[in-house]
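First to last, the sequence lines map onto chains A and B. Residue 106 in UniProt numbering sits at position 106 of the first sequence; the count goes up by one each step and never skips. Residue 214 in UniProt numbering sits at position 214 of the second sequence; the count goes up by one each step and never skips.
Everything labelled a hint here was simulated from the structure, so no lab data went into it. Some clues are possibly wrong.
[Unchecked claim] Once the Cα atoms are required to be at most 20 Å apart in a straight line, the calculated PhoX-like pairs of lysine-lysine come out as:
{"no.": "1", "chain 1": "A", "residue 1": "K7", "chain 2": "B", "residue 2": "K287"}
{"no.": "2", "chain 1": "A", "residue 1": "K188", "chain 2": "B", "residue 2": "K285"}
{"no.": "3", "chain 1": "A", "residue 1": "K17", "chain 2": "A", "residue 2": "K59"}
{"no.": "4", "chain 1": "A", "residue 1": "K63", "chain 2": "A", "residue 2": "K7"}
{"no.": "5", "chain 1": "A", "residue 1": "K12", "chain 2": "A", "residue 2": "K220"}
{"no.": "6", "chain 1": "A", "residue 1": "K54", "chain 2": "A", "residue 2": "K17"}
This one's a predicted model, so the numbers in the text were calculated from it and none came from an experiment.
What follows is each chain in one-letter form.
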Amino acid sequence: MAALETKDLTKKIFAVKAVDNLTLSLPAGNITGIIGPNGSGKSTLLNLLSGICKSDQGKIKVKGRALADVNPHRIASYGIARTFQGVRLFNQMTTIDNILLALSEKSFFRSLSRRTEKNLALRANEILRAAGLADWAYKPAGELSYGQRKLLEITRVLAAPADIILLDEPFAGLFPEIIVKVSALLKKTRADGRTVMLVEHNLKIIRELCDVVYVLDRGKLIAGGPPGETLSRPEVLAAYLGN
Amino acid sequence: MEYLAHVGIMAAIYCILSLSLNLVVGYCGRYSLSHAAFYGTGAYATAILTANYHTGFFASMLFGAAIAAAGALVIGLVLNRLQGEYYLLASLGFVIIMSSVFNNLNNITGGALGIAGIPPPAILDNILRSHLSVFLLAFLICVLVYALLAYITSAPFGRILRAGREDEEVVATLGYNTTLFKTVALAVSGGVAAIAGSILAAYVTYVSPSSFDINESILILVMVILGGLADLKGSLLGATILVTLPESLRFLGLPAVMADNLRQIIYGAALILMMFFRPQGFLGKYKI
Ligand SMILES: Nc1ncnc2c1ncn2[C@@H]1O[C@H](COP(=O)(O)OP(=O)(O)OP(=O)(O)O)[C@@H](O)[C@H]1O
Ligand SMILES: [Mg+2]
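Just chain B, same shape as in the assembly:
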């Protein structure tokens, strides 16, 4: 039961991450590798505030989301001038910088060792000690995130973003401030990713830079692409499959090292096959 709850927590965290990244990749049409940076920002915010300053979990989560959203606003002013490969490479540059910040800002982030002793999440002084209770919290937050994103993407906002991925100039001549729309989309995306980071930090009670590096960004991007661009249910599916599949490998009785390698191979092979047979992902509306 504890184990199932653990898988559920990780699935919820990655669902939140892939939902939020889909806003940028699917709706705005910008392949971004920077998501781990926002994810990490939330995780470190919760780690630092709750472990060092005894801030409450939710307060730290809101703070992390605000910082990540504000950072995304600033980064967005630069990144959003770019498209296609240029955007991808610039977002790669950003995640590399943030990775280095997490690794080297020893006084604040604990450097390569990270931060340990993060208190588990608590609701009104009730500490969530069991996996099951953390799962319920993560699941609830995931549902709220889904509801928020489903609402705004089905409002004119989502349509304007989707139009922009095809032809920003025309969107602008129709009267929409495309820079504002894209920048806010990135800020919302970054803020929501930070929430996932907060949950992770409080759940594992430990953060280290290796959880928020380029590999993590790639994993989240693959979830979005497999699930489908500009489809939120696709993101839930993509994240759930990529979290549960490797876990199910354990039941084949493989040694951990082998299971890990096999997992990488399955990710890679899935991506290659997908590009041939279903380039729009499981549920997506757009081909890559």
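So here's chain A without its partners, still in its complex pose:
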């Protein structure tokens, strides 16, 4: 079954069709790769799926339910969480606060009560320990290194109560040791039955992690299927290697 589907999705940014008539689906419990040259519309697709921007045309379905033009917080309630290409943390808040924001209740009324704080803090500390960020728990997130910040953002999105995780280039700029760590995290996420969408330029990582890969070029879908076969198609090679 598809966890997430788009049909004829189109988004124009000024004159450019950043996403052009895109129809694709993310199989539930799989890691789906999205690749394509710079400016091919990968991040715009993520923005559409998470409600950061509204589509001009087309449909999005989550677990079979049509997603009308709704706010990002409503989309989150469908079980979708995401990271951003430029890491977006709450830099002036502590590392643990960043995790707690993913964990705590979304309901306004429940947010007024401190009843759950103790348990949440225990869980957040546990999550940070597992990610190797425990020593930074009470430091501002802005004081972490780039790689640590990236790791924290991934840790935060995985801590969210979501079963569809959208990642925009999570491996970019990471130290090889951390790449291994994040790969393992994503495999575990899949093993837990969650669905992952992975925007990534590194084809080696795509081959290693993805069950399905879609190739975008100038907003259009040019190929899709299992990575081994898809990545060796001539049109994909042409788009990637510049003819």
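Given the coordinates of chain A, assemble chain B with the ligands onto it according to the supplied hints.
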């Protein structure tokens, strides 16, 4: 003793004002100049209801808080779409409008002359005639306000607001209805400010528009900034210092006019020095 109690009452009133404004400025990250409008709403509610309709003090206070909170909800729907300088200027527009309402709605607010003959606060028919008893009441209300705000800001609510001041879009993708959180924060802030207004009205038994103009908004904002953003103890400190400092100038034996000018200069100089040496305020968590 009466004099000390007077300073204490004013300190308590401004503590309530700066605590409540910190919710908007410190926690939501929105520099607001509209606070005097909510403060004035409470003061006029108590003035009108107790002087003209013989309503009890507490009933008038609750009514004023409800009106101010409801007004803030409506204003919030407009203001909260804005950020930064845009928010600041729009909030300035709002306080100017309210100032004009207080000044010109002669039949209701008494216009520029204001409303006199407001009965002092009373608890179950016991009229609080002495400054000391009014101080105890104001102090008690201030403690309750502090406890309420300390609780909700240390609950997930406060964290969600603080996150929103950095990146609302991310807060929304994490599943929080940011508009709702910001709007309620403004409503609570406005409602609490109105309570301070009620205390003032019943204490001085007289209200006039000049007490709730843009200068008043600036003073409260300065208290919050000096005390520290997103720190409630900072707000208590900022308000207490800015209320007691000018009072202590009197003991230097300066003529009233000179003391008043000196006070303005001290406010201004404190603000400038603060921006250079401690932009996060005395106890604040965020730099301006
Ligand atoms: N805010 C914007 N203003 C103007 N054009 C934009 C904006 N965002 C995206 N675009 C355009 O939309 C198209 C798709 O951009 P998008 O960021 O989705 O590409 P991408 O595939 O994520 O690229 P990259 O690999 O560099 O991250 C590009 O042509 C880009 O110029
Ligand atoms: Mg991108």
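How the hints compare with the structure:
1. A:K7 to B:K287: violated (46 Å)
2. A:K188 to B:K285: violated (37 Å)
3. A:K17 to A:K59: Holds: K17 (chain A) and K59 (chain A) sit about 16 Å apart, inside 20 Å.
4. A:K63 to A:K7: OK: K63 (chain A) and K7 (chain A) at ~14 Å, within 20 Å.
5. A:K12 to A:K220: holds (12 Å)
6. A:K54 to A:K17: holds (13 Å)
Hints 1, 2, counting from the list given before, are not met by this structure.
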